[in-house]
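Protein chains in written order, with our numbering: chain A, 6 to 318; chain B, 6 to 318; chain C, 6 to 318; chain D, 6 to 318.
These are computed hints drawn from the structure, not numbers from a lab. Mixed in with the good hints, there may be bad ones.
Because identical chains cannot be distinguished in the list, a pair is counted as satisfied if it fits within a single copy or across any two copies.
[Said to hold, decoys possible] Pairs of lysine-lysine residues, derived as BS3-like cross-links and limited to a Cα-Cα distance of at most 30 angstroms, are as follows:
1. 222 to 20
2. 197 to 174
3. 20 to 197
4. 271 to 18
5. 174 to 41
6. 20 to 225
So the chains spell out like this:
4 protein chains.
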Amino acid sequence: MNLELPTALQGKKYKDAVNWFMPSPVPDGIGDLIVKNCEPPFESRIVFSGLDSSVAGEIEENFANAGYIVVSNSRNHRFDPDVPLLIPEVNSDHLKLLPIQKYGGAIVTNPNCSTIGMVMALKPLFDNFGLETVNVVTMQALSGAGYPGVSGLDSTDNVIPFISGEEEKLETEPLKILGKFNGSGIDLTDIKISASTNRVPVLDGHTESIQVKLKSKATKQDILRVWNEFSAEPQALALPFAPGRPIHYFTEDRYPQPRLHRNIDKGMATSVGRLRECNIFDYKFTVLSHNTVRGAAGGAILCAELMFKKGLV
Amino acid sequence: MNLELPTALQGKKYKDAVNWFMPSPVPDGIGDLIVKNCEPPFESRIVFSGLDSSVAGEIEENFANAGYIVVSNSRNHRFDPDVPLLIPEVNSDHLKLLPIQKYGGAIVTNPNCSTIGMVMALKPLFDNFGLETVNVVTMQALSGAGYPGVSGLDSTDNVIPFISGEEEKLETEPLKILGKFNGSGIDLTDIKISASTNRVPVLDGHTESIQVKLKSKATKQDILRVWNEFSAEPQALALPFAPGRPIHYFTEDRYPQPRLHRNIDKGMATSVGRLRECNIFDYKFTVLSHNTVRGAAGGAILCAELMFKKGLV
Amino acid sequence: MNLELPTALQGKKYKDAVNWFMPSPVPDGIGDLIVKNCEPPFESRIVFSGLDSSVAGEIEENFANAGYIVVSNSRNHRFDPDVPLLIPEVNSDHLKLLPIQKYGGAIVTNPNCSTIGMVMALKPLFDNFGLETVNVVTMQALSGAGYPGVSGLDSTDNVIPFISGEEEKLETEPLKILGKFNGSGIDLTDIKISASTNRVPVLDGHTESIQVKLKSKATKQDILRVWNEFSAEPQALALPFAPGRPIHYFTEDRYPQPRLHRNIDKGMATSVGRLRECNIFDYKFTVLSHNTVRGAAGGAILCAELMFKKGLV
Amino acid sequence: MNLELPTALQGKKYKDAVNWFMPSPVPDGIGDLIVKNCEPPFESRIVFSGLDSSVAGEIEENFANAGYIVVSNSRNHRFDPDVPLLIPEVNSDHLKLLPIQKYGGAIVTNPNCSTIGMVMALKPLFDNFGLETVNVVTMQALSGAGYPGVSGLDSTDNVIPFISGEEEKLETEPLKILGKFNGSGIDLTDIKISASTNRVPVLDGHTESIQVKLKSKATKQDILRVWNEFSAEPQALALPFAPGRPIHYFTEDRYPQPRLHRNIDKGMATSVGRLRECNIFDYKFTVLSHNTVRGAAGGAILCAELMFKKGLV
């Protein structure tokens, strides 16, 4: 595979190469950095990868082999047996896989953006009551498809009931994330998960209607309590990018809503609401999570902060 | 209760009283009709009611007592033991309740707009394979909330994960619609249904992610066959407002979509797509139905056409 | 230039080659047509061109040279001295250019989608009162940018105050359309036009705030009268695609609106409203026109119908 | 007029009385404040009024008579001869009207939300080159209509070409704001202004296409220079709510855009772009300003900060 930078970009300043469309201008000190080929050496020990999956696999391995810690949003290495699929609040012990990795450095992966919010809300239920089945129907934001992604002619006044590959990720990634480190790998957990994924006219923030069947009985109060009390290593270590509280529960029926609540706690918290009994499962509720902050860049930074604080970098 | 017309409207022409915002102007011959009190006598034998449920109950009874056939979109009489909750393609035999009614005329009700599309898609499965459980998560259009309904400040770039009273309707109405006429009333069927309802930025057309557990085995081909072959009394009688085919199945993964398909077959057909196996239930699929045409005015007209053709008016 | 069809498309049925996303399925008899290279011979005498301007010029000339009548939506030949820039209600006499053309066949062009609605509303003012200056600020629909066109991430909750090349078209095309055939070409008219173009989150229908300074005095009633009385050759010839009335004036302050009124009269009419005096110009008003129907495909068909009925095909 | 608080609200905590729908919860210390009748005494010297104009006039006078400084967003007193219509960067010298007011306290008014951004961009042109005529066509955000304001059924996929009373405000308010204090009142300036106002599907941020005819010649560079150099009393006094720079000029053709740039500089700056020559006027350009921050609450706070710092409170 040819991984060379297109000639047109080589040697350019970042601000001249980038297709920038953030609300604030390119930050000083960033815009003047020179774009270089995506190959070692880099002047850093951590490398963040948001590459397309068509090239991510090989490039990430090159950096890991060269001794770098690669934190990746791509799906290529998520199911490698020695690679953590990491949500810092959920399975930080999976970092024990790192010494097992064959690389001089390491690869750590961020789960899919629709997986993270769901698993964050499931984690306290899983730990306290066990999970037998999980059903999820998503209403996902446009930004999940990248830029330009979904045409305005498809997104306006519309729902698209299909996102390629997304249901498979939601049905499998939680099994590894909630799985158990067995000394040499991760034993997948055995929850039955069914996912139906839809694209809706929302800019950022994936909303998910979730239903769960628990292994042991729990009252509504029990569930609210474990959500409200939930706190994990990123909070204990006071990592700069960690949300103050990983889960924010709303008592108003009409909440959470993506436009109002996606940015709660720096966009890093999971919003939950509408907990109620279910005629088929035990309980149902709504989860909201920012897909490009918690679900991508912010999640990757938190992974890096966790590794740094634990002395793994 | 005071059911008098506000003084400001009495004696006005319809075109001067109405808050008209349809794409085409008020039709000739309609605009000059005089607005009158909502009480008998009316110069018709059928009366359509789209009244608010705060007044619909009493007004509809007054007309039924005065000998009129009332076709209602309101929820007030939907669960009266002697009132059909009618989808002409699904339970036209429930019209046998009419002779039992205590009125000189009769009341027939239209189900809730989110119920109709779902039950239309379920009917062939129910008849051929039996239904044990049905799970539905909706993404409902703004027009379902009436006008002005949802503020543009709430609907833009947003999802509202709650619609008051809607989940209860979706969980109970199908039990009566798919129930059996026992000579003097309707025996509810015993399907377990769970509904989660959401409002999305779509003008018209409710999209629903549905999952079903069948009583007997069926292959994907079996299901596609019974959907494609489904035809009922409105089609046999060639009722003017009946869709040519009640169910349109799409083979493209990304279909049906509300903006593209809500108007299929005069807005009276149910669009279905994405039939696939489910890890928890047997199958899952997507349903789309026009909520103000099939789900309200058009559905009511079809009920009236059915009764007329069957000599019940 | 290589104008060959990509190998992947050669010999395919249209329904298998097309990226179809219209509400109704590919019509019978159309879907089975075989896609062929874009070069003569074709089994028709009229050829419609919606080609990208990077290839339209040469292909259209090839067909015209081979004796075909080419009706084009592309900009390439719009300002050729012997090519009509045609709005059938406005300048059908410009078809007198056809005998002058160097081709065995002919090329006729459709103006830009934002020009057509404006010029339709200006024509009766131009004929009756003269026009000195015209100022226009547009709020244009997403479909004007083609598919996929504008990303949903750019169109949602946003206005884009720039459309490449659009202001130039609005400032120049009316000068030719309203120009005078002088026996061998078109004398441009001398109106001063200024255009500012914006993209707004609307699917179809360009809305335009227009201001005019007239050459001779006119009252508001004069203007309303010439708009309401306006009728032209397509109406006189009862062309199938012609709107019954080219201009629909709305007396309600809040009209016209793109979603409500873009489809008036088969999408072929121009909607106008809010005529009022102006502190700077003489009058200001709002114009709405369907950009892909009247502004493209429908407009091209009407051009062809006009030529056919006039015996030019 | 009865200005009593509805019984249902009297004595309630603010958090229980308010219809809160901001992204963050009611701030601590605010939610527990007790709602009281809108009449003196209040425990403050400055009173902010965002009252409906049906009641604002009398209530604001009551407070001013009781010695309070009233900063109002309502239109009632904007054209009182002794009341400043204040944009702190533009006409802070109009505060000299305060000693002339008949009240023990004072009333100061905030201009209309669509006026503020425009006048901010005009001010350096007015001071340096003079203004003869100003033409403005607006594309205004939904939040300008309040809550619930515009129905989602009207705002989706649509433009509404009318906002009641808005064009009059845009055509008259700048004449007072840019007017001259003559020792006892304000001499209106004599610019000819024409405004056309439209509502578009944008949550916050009014976009305006503006054209100007200057009294003296200026090059494009001259204009860019006076915009970039523009700074005023709020900047000199380093008022906490003042934008660092009142005017941000964008060189990219496609900017400013409301979703990207409305929050620049705390939402208090005016974004400007697309300066270019005009066929009718001298120049045209696009202005964007946050209508509920700079155009309402934030603007009022800045007025108060200015008066406080100048020792007028």
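Evaluated hints:
Within a single copy, residue 222 and residue 20 get their C-alpha atoms no closer than 56 angstroms, and across copies no closer than 35 angstroms, so neither meets the 30 angstroms cut-off. For the identical chains of this complex, residue 197 and residue 174 are neighbours both inside a copy (13 angstroms) and across copies (28 angstroms), given an alpha-carbon limit of 30 angstroms. In this assembly of identical chains, residue 20 and residue 197 lie within 30 angstroms of each other by CA distance neither inside one copy nor across copies; the values are 47 angstroms within and 40 angstroms between. In this homomeric assembly, residue 271 and residue 18 come within 30 angstroms of each other (Cα to Cα) both inside a single copy, at 29 angstroms, and across copies, at 29 angstroms.
Taking the closest pair of Cα atoms, residue 174 and residue 41 never come within 30 angstroms of each other, the shortest separation being 32 angstroms inside a single copy and 41 angstroms across copies. With identical chains, the CA atoms of residue 20 and residue 225 are at most 30 angstroms apart between copies only, with a shortest distance of 26 angstroms across copies and 51 angstroms within one.
In this structure, the hints that do not hold are numbers 1, 3, 5, in rising order.
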